[in-house]
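Student: First to last, the protein sequences are chains U and A.
Under this note's numbering, think of the first position of the first sequence as 1, with each following residue one higher.
Under this note's numbering, think of the first position of the second sequence as 1, with each following residue one higher.
Keep in mind the hints are simulated off the structure, nothing from the lab.
Because the structure is a prediction, the values reported are computed rather than measured.
Among these hints, one or two may not hold up.
[As the list claims (entries may be wrong)] Under the rule of at most 20 Å between Cα atoms (straight-line distance), these lysine to any residue pairs were calculated in the SDA-like manner:
hint, chain 1, residue 1, chain 2, residue 2
1, A, K83, U, L183
2, U, K345, A, Q102
3, A, K83, U, A321
4, U, K312, A, Y77
5, U, K346, A, K118
6, U, K346, A, R32
7, U, K171, A, G80
8, A, K42, U, A325
9, U, K345, A, S103
10, A, K83, U, A325
11, A, K42, U, G76
12, U, K171, A, G116
13, U, K346, A, Q102
14, U, K171, A, K118
15, A, K83, U, L317
16, A, K42, U, E324
17, U, K312, A, E91
18, U, K346, A, D29
19, U, K345, A, D29
20, U, K169, A, R32
21, U, K346, A, S31
22, A, K118, U, E94
23, A, K42, U, Y327
24, A, K83, U, K345
25, A, K83, U, E319
26, U, K345, A, D101
27, A, K83, U, G315
28, U, K345, A, S31
29, U, K302, U, G76
30, A, K83, U, N326
31, A, K83, U, K302
[Unchecked claim] Chain U is faced by these chain A residues, among others (derived, beta-carbon under 7 Å):
hint, residue
32, E27
33, G71
34, S85
Just so it is clear, CB atoms sit at the ideal spot from N, CA and C, and this is done for glycine as well.
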Amino acid sequence: MNSRYFGSMATLAVVVVLMLLAPALAAGQDLSAAAKMTTTHKAWTPPRTADGQPDLQGVWTNNTVTPLERPKELAGKEFYTDAELEALAKHERERLSRIEDEGQPPANHSGVEGAPADDVHYDFSQFGLDRGQSKLAWNRRTSIIVGPEGTIPTLTAEARTRLAELRAKAKGHEFDGPENLTLGARCLARPNVVPLLPTAYNSNLQIVQGTGYVAIETEEIHDVRIIPTDGRPHIPKSVRQWYGDSVGHWEANTLVIDTTNFTDLSPFRGAQNLHMIERLTRADEDTILYQFTVEDPGMWTKPWSGELPITKIDGQLYEYACHEANYPLANTLRGARVAEEQAAKKAAK
Amino acid sequence: MKTKLFVLVGLLLTAAPAWAHHAFAAEFDQSRPLKLKGTVVKWEVTNPHSWIHMDVKGDDGKVVTWMIEGGSPNNLYRLGFTKDSLPPGSEIVVEGYQAKDQSTRAVGKSVTFADGRKLFLGLQARESDPETKK
Numbered sequence: 001m002n003s004r005y006f007g008s009m010a011t012l013a014v015v016v017v018l019m020l021l022a023p024a025l026a027a028g029q030d031l032s033a034a035a036k037m038t039t040t041h042k043a044w045t046p047p048r049t050a051d052g053q054p055d056l057q058g059v060w061t062n063n064t065v066t067p068l069e070r071p072k073e074l075a076g077k078e079f080y081t082d083a084e085l086e087a088l089a090k091h092e093r094e095r096l097s098r099i100e101d102e103g104q105p106p107a108n109h110s111g112v113e114g115a116p117a118d119d120v121h122y123d124f125s126q127f128g129l130d131r132g133q134s135k136l137a138w139n140r141r142t143s144i145i146v147g148p149e150g151t152i153p154t155l156t157a158e159a160r161t162r163l164a165e166l167r168a169k170a171k172g173h174e175f176d177g178p179e180n181l182t183l184g185a186r187c188l189a190r191p192n193v194v195p196l197l198p199t200a201y202n203s204n205l206q207i208v209q210g211t212g213y214v215a216i217e218t219e220e221i222h223d224v225r226i227i228p229t230d231g232r233p234h235i236p237k238s239v240r241q242w243y244g245d246s247v248g249h250w251e252a253n254t255l256v257i258d259t260t261n262f263t264d265l266s267p268f269r270g271a272q273n274l275h276m277i278e279r280l281t282r283a284d285e286d287t288i289l290y291q292f293t294v295e296d297p298g299m300w301t302k303p304w305s306g307e308l309p310i311t312k313i314d315g316q317l318y319e320y321a322c323h324e325a326n327y328p329l330a331n332t333l334r335g336a337r338v339a340e341e342q343a344a345k346k347a348a349k
Numbered sequence: 001m002k003t004k005l006f007v008l009v010g011l012l013l014t015a016a017p018a019w020a021h022h023a024f025a026a027e028f029d030q031s032r033p034l035k036l037k038g039t040v041v042k043w044e045v046t047n048p049h050s051w052i053h054m055d056v057k058g059d060d061g062k063v064v065t066w067m068i069e070g071g072s073p074n075n076l077y078r079l080g081f082t083k084d085s086l087p088p089g090s091e092i093v094v095e096g097y098q099a100k101d102q103s104t105r106a107v108g109k110s111v112t113f114a115d116g117r118k119l120f121l122g123l124q125a126r127e128s129d130p131e132t133k134k
């Protein structure tokens, strides 16, 4: 076995060095910290577009094994050491090689070490859905969320009540009809677009810039955010959109995106009045440092922030036409009807 | 130290769930495992999931067409698969679970060719692999 899945050690080292500097880059800090970090790459000068803006264009991945929230067992530990990161990569390599060499999927068939035995699904390696089969944006963080806690803050009392009511209302009606299924299962919207969070597979995005605009397309699930950078204000508050309304501006080498005007149907955690600030800073030829802050005073007791590297990949973004064969939606509803019939027969006996 | 590292690694990977685009348990029935041997009729290389159509001859000699859910073609294509990777006529064995609606649909947890080769394995040219990267 070798390092075939994880790029050269040199690439890994660059990412490690980058992330070593990450504590000084906690989201919310001004650009000077990011700029200072960028200048540590002495041999590298950020490229510019024809109209003089920092060039973020290209096809990128934010595929990562780093979870959004820090596992309880790692409480207080914000970063892995170099040795731990190496062990992590080694472990992942060995896991995948074990599947290949022995021709045996892991016992739980999910491809996820430690997943419950009843987590029945594909052999993820075989079906090309294992994160480790695609390029990974390695970093030393133990969670995407920054800070000593590394978790999403406590919900407000108001949000707890509202979400509990919603859950109670939905209980027993989860599969009544297509409208009851999640926006994701309906191929409508997913929580990986604003902010740009990694998704389980096809965790890729493309950035295209034109004068006064930046466009970010996420492969899953086919959404393009068109972000004006010409100083215009947000659209009127009365206009609400699933992914909100994004406006951007440049702070030296950083694209800062401010997003408001989400609907209460936003795919992001059931929040109703989201405000998100994202910062994209080209850190080197192959890396964008991505930072975001989320706030909704009615939802969380305080704002929270996260960051992760976004890594360049070869090739192009492919169409993810989620609707083209979304058989699972109909299968799921038919399955629920069959279960209901069986339950009714059983009750009648 | 080694044990501790392993625990850290295990936690990290566990905490990154490899979910598909829909809830598995809502579509397939874990109490209905199956093993099917048959011939590929066609492979729908579609999103969000690919579907293998295969003809399976039952004990009564009757041929029934099954549909087997598989991974996202975008990822499969990046790993080196093409629409010709699973040609019609291929003899395969599928182990998986039947759909909850009890139709002839199932999820394939593993797919093997009749000679024992695992489907897809050996075709992968990972982008992050310096040895196979162009």
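Student: Work down the list of hints and note, for each, if the structure agrees.
Tutor: Hints, one by one, checked against the model:
For the hint pairing K83/A with L183/U, the CA-to-CA distance comes to about 29 Å; that exceeds 20 Å, so the pair is violated. For a cut-off of 20 Å, the pair hint linking K345/U to Q102/A stands: about 16 Å separates their Cα positions. This hinted pair checks out: K83/A and A321/U have alpha carbons roughly 16 Å apart, not beyond 20 Å. Distance hint between K312/U and Y77/A is fulfilled; the C-alpha atoms sit about 18 Å from each other, no more than 20 Å.
Using a Cα cut-off of 20 Å, the hinted pair K346/U and K118/A is violated, with the two alpha carbons roughly 41 Å apart. The straight-line distance between the Cα atoms of K346/U and R32/A is roughly 19 Å, inside the 20 Å bound, and the hint therefore holds. Proposed proximity of K171/U and G80/A is contradicted: the alpha carbons are some 43 Å apart, above 20 Å. Note on K42/A and A325/U: the hinted pairing holds, with a Cα-Cα distance of about 14 Å set against a maximum of 20 Å.
With a CA separation close to 19 Å, the supplied pair K345/U and S103/A stays within the 20 Å bound. As the CA atoms of K83/A and A325/U are separated by approximately 16 Å, the hinted pair is consistent with the 20 Å bound. A hinted pair counts as satisfied when its Cα atoms are at most 20 Å apart, and K42/A with G76/U does not qualify at roughly 52 Å. About 45 Å separates the Cα atoms of K171/U and G116/A, which puts this hinted pair outside 20 Å; it is violated.
Taking the CA atoms of K346/U and Q102/A, the gap is about 17 Å. The hint holds against a cut of 20 Å. A distance of roughly 41 Å separates the Cα atoms of K171/U and K118/A; the hinted pair therefore is violated under the 20 Å criterion. For the hint pairing K83/A with L317/U, the CA-to-CA distance comes to about 18 Å; that is within 20 Å, so the pair holds. Note on K42/A and E324/U: the hinted pairing holds, with a Cα-Cα distance of about 16 Å set against a maximum of 20 Å.
For a cut-off of 20 Å, the pair hint linking K312/U to E91/A is broken: about 39 Å separates their Cα positions. This hinted pair checks out: K346/U and D29/A have alpha carbons roughly 18 Å apart, not beyond 20 Å. At most 20 Å may separate the alpha-carbon atoms for a hinted pair to count; K345/U and D29/A meet this at roughly 19 Å. For the suggested pair K169/U and R32/A, the alpha carbons sit about 31 Å apart, so the restraint of at most 20 Å is broken.
This hinted pair checks out: K346/U and S31/A have alpha carbons roughly 18 Å apart, not beyond 20 Å. At most 20 Å may separate the alpha-carbon atoms for a hinted pair to count; K118/A and E94/U meet this at roughly 19 Å. Restraint check for K42/A and Y327/U: satisfied, since their Cα atoms lie roughly 16 Å apart, inside the 20 Å limit. Distance check on the hinted pair: K83/A and K345/U sit about 44 Å apart at the alpha-carbon level, beyond 20 Å; violated.
Between K83/A and E319/U the alpha-carbon distance is near 15 Å, which keeps this suggested pair within the 20 Å criterion. For a cut-off of 20 Å, the pair hint linking K345/U to D101/A stands: about 16 Å separates their Cα positions. Among the hinted pairs, K83/A with G315/U is consistent with the structure: their alpha-carbon atoms are about 18 Å apart, no more than 20 Å. This hinted pair checks out: K345/U and S31/A have alpha carbons roughly 19 Å apart, not beyond 20 Å.
Between the alpha carbons of K302/U and G76/U the distance comes to roughly 19 Å, so the proposed pair stays at or under 20 Å and holds. Simply put, K83/A and N326/U have alpha-carbon atoms about 19 Å apart, close enough for the 20 Å limit, and the pair holds. Distance restraint check for K83/A and K302/U: the Cα-Cα separation of roughly 49 Å exceeds the 20 Å cut-off, and the hinted pair is therefore not satisfied. The interface hint given for E27/A holds, since its Cβ lies 5 Å from the closest Cβ of chain U, which is under the 7 Å cut-off.
Given hint, G71/A at the interface with chain U, holds; its Cβ is 3 Å from that chain's nearest Cβ, closer than 7 Å. At its closest, the beta carbon of S85/A sits 11 Å from a beta carbon of chain U; the interface hint therefore is violated under the 7 Å criterion.
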